[in-house]
Amino acid sequence: MSLLEITGLTVHHGQLAAVVDLDLAVDDGETLAVIGANGAGKSTLLRTIAGVNRPSAGTIALGGVDITGWPAHRRVAEGVVLVPEGRRLFSSLTVEENLLTGAYRGRPGPWSVPRVMGLFGWMTERRRQRSTQLSGGEQQAVALGRALVANPRLLLLDEVSLGLAPVVVRKLYEVLPEIIAEGTTVLLVEQDVTQAMRVADRVQCLLEGRGVLAGRPADLAPEQVERAYFGLREPADGESVDGESVDGESVASEVRGSER
Amino acid sequence: MNWVNAVLQGALLGGLYALFACGLSLMFGVMRIVNLAHGDFAVLAAFMAYSVITLTPLGPLGATAVVIPLFALIGYLTQRGLIQHALKVGPLSTLLVTFGLSIIIQNLLLEGYSADTRSLPAGSLVSASLQLTDDIAISYLALITFVLAIVVLAGLQQFLSRTALGRMLRATSDDREAASMVGGDPRHIYAVATAIAFSIVALAGLLFAMRSSFDPSIGPTRLLFAFEAVVIGGLGSLWGTLAGGLVLGLAQTLGAQVDPAFTLLAGHLIFLGVLAFRPQGLIAGREL
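Going line by line, the protein sequences match chains A and B. Just so it is clear: in the first sequence, position 259 is 259 by the numbering used here, and no numbers are missing. Just so it is clear: in the second sequence, position 260 is 260 by the numbering used here, and no numbers are missing.
Treat each hint with caution, since some may be false.
[Claimed, not checked] Computed beta-carbon distance windows for the label pairs: (1) A:54 x B:73: 41 to 49 Å; (2) A:136 x B:108: 19 to 27 Å; (3) A:56 x B:65: 32 to 40 Å; (4) B:150 x A:128: 24 to 32 Å; (5) B:280 x A:107: 35 to 43 Å; (6) A:198 x B:150: 27 to 35 Å; (7) B:154 x A:28: 47 to 55 Å.
[To be verified] Where chain B lies over chain A, by a calculated footprint (3+ residues, C-beta under 8 Å): (8) 60-71; (9) 74-83; (10) 100-113.
Rather than coming from a laboratory, the hints here were simulated on the basis of the structure. Cβ coordinates follow ideal geometry from the N, Cα and C atoms, glycine included.
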């Protein structure tokens with residue numbers, strides 16, 4: 001059964017439609033990667049699932065319950081937890097306090113502050129430091145830990161690799177199997193397609209807010225993914241993506257993507 | 001010896017200013033709301049206590065026990081029912097709403113209690129004093145006020161740093177949206193902050209009223225002291241607020257020592273000096 005079921009989801013940023021009539025289902029225990037270029041609507045999709053953005057149409061159901069109208073904080077208590085783009089740690093709180101905020105309305109479960117600290121060796125020693133004193137990779141680890149402490153059923157990871165060195169990104173992704181092994185369903189958004197294809201059970205490609213390609217990483221040819229990613233026209237007549245869309249509208253959404 | 005006495009009295013008065021100002025500091029620190037009705041709520045608490053003491057067999061302590069929880073409730077409801085809606089519109093509208101509240105409270109008090117000046121019948125506590133030397137005596141009320149100020153500020157500090165709710169208050173102050181992503185309902189958390197601020201302002205209002213007389217229109221004058229203490233000490237810092245209260249209290253009593261007409265002027269001059277030369281306040285570290 002699907003843990004998360006999204007039907008006909010449309011989300012607007014002002015006049016711009018960031019996500020358009022999207023259907024998406026994530027099975028219990030599955031890891032789904034949403035890939036797509038800058039401004040494809042990936043972050044907006046995750047923020048809408050987390051309840052931070054409001055959809056203009058469509059429904060979001062968690063375990064068969066319609067949660068479309070629920071505020072973000074109520075979704076956390078039901079196990080939908082977002083690791084937001086840009087980390088968003090609390091700057092006046094220490095590392096340990098940041099992790100503890102995850103337990104505020106989190107569910108009981110296998111994850112606790114000590115276990116998260118065990119997952120990242122350096123954390124115990126530096127738990128009294130302000131989060132602003134950490135490097136980008138360390139901050140991302142704390143943001144991930146903060147979400148884990150809430151014991152999510154559905155973990156939403158938004159651009160974990162953003163602005164980090166490849167070696168740091170690899171280290172962060174090394175902990176993912178342990179998270180998945182606890183039965184956590186993961187929905188992650190990545191610009192790094194290779195990374196996404198490596199960890200995901202299934203991949204969904206977004207182009208200007210629309211789902212253009214979905215499948216298991218093994219079943220997708222690299223050229224196929226590339227075409228869907230950049231919105232290039234099929235060489236022959238196939239599942240065509242409209243070539244026009246690489247012009248004005250796309251530039252507009254590009255600009256919007258970098259603003260956020 | 002008079003100067004030693006002035007310093008002592010000034011410091012004790014500063015404790016009251018700090019207690020009175022910390023509600024303002026808390027609301028600004030957590031929500032970026034400047035509560036212009038802060039002084040009027042303190043006066044409202046004094047009138048409520050006055051009614052409780054005169055109409056029921058409860059004494060000053062009983063009145064305190066009634067008024068403070070009541071103010072926590074009023075604070076929670078005011079935030080959820082009124083200020084929260086204004087916050088959505090923008091920071092300026094919270095100023096307008098609290099300014100409106102200030103006018104409404106003043107006029108309701110005028111309507112209900114008339115313009116007469118009153119004082120809170122607090123019994124022997126007000127007049128009794130501790131004789132330190134032949135020249136210096138400090139009133140028990142001033143001493144109790146000072147100790148209460150320290151206890152409340154320290155307690156608030158502990159609450160903010162040690163409890164889950166206090167942590168969420170600081171987290172919400174840092175990043176409201178991220179706080180909702182970890183499960184904090186910003187409206188509830190804001191309302192809790194306001195409830196705490198209101199119960200402290202009620203306590204300060206009662207102590208003010210035991211110390212000196214009050215009337216329905218004195219709120220804005222009192223608010224000015226709270227503003228000065230907060231700005232002198234540094235916005236958003238609780239210990240800064242204590243320091244600001246002490247500096248203001250000392251400035252006023254030392255000014256009065258030179259010439260009684262300088263009492264308020266000395267405080268205002270220190271305030272202007274801080275604004276001009278150290279606008280971040282004496283203690284700049286932000287805790288909220």
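Now for the hints, and whether the structure bears them out:
| no. | hint | verdict |
| --- | --- | --- |
| 1 | A:54 x B:73: 41 to 49 Å | violated, 32 Å |
| 2 | A:136 x B:108: 19 to 27 Å | violated, 55 Å |
| 3 | A:56 x B:65: 32 to 40 Å | violated, 51 Å |
| 4 | B:150 x A:128: 24 to 32 Å | holds, 26 Å |
| 5 | B:280 x A:107: 35 to 43 Å | holds, 42 Å |
| 6 | A:198 x B:150: 27 to 35 Å | violated, 58 Å |
| 7 | B:154 x A:28: 47 to 55 Å | holds, 49 Å |
| 8 | 60-71 | violated (count 1) |
| 9 | 74-83 | holds (count 5) |
| 10 | 100-113 | holds (count 7) |
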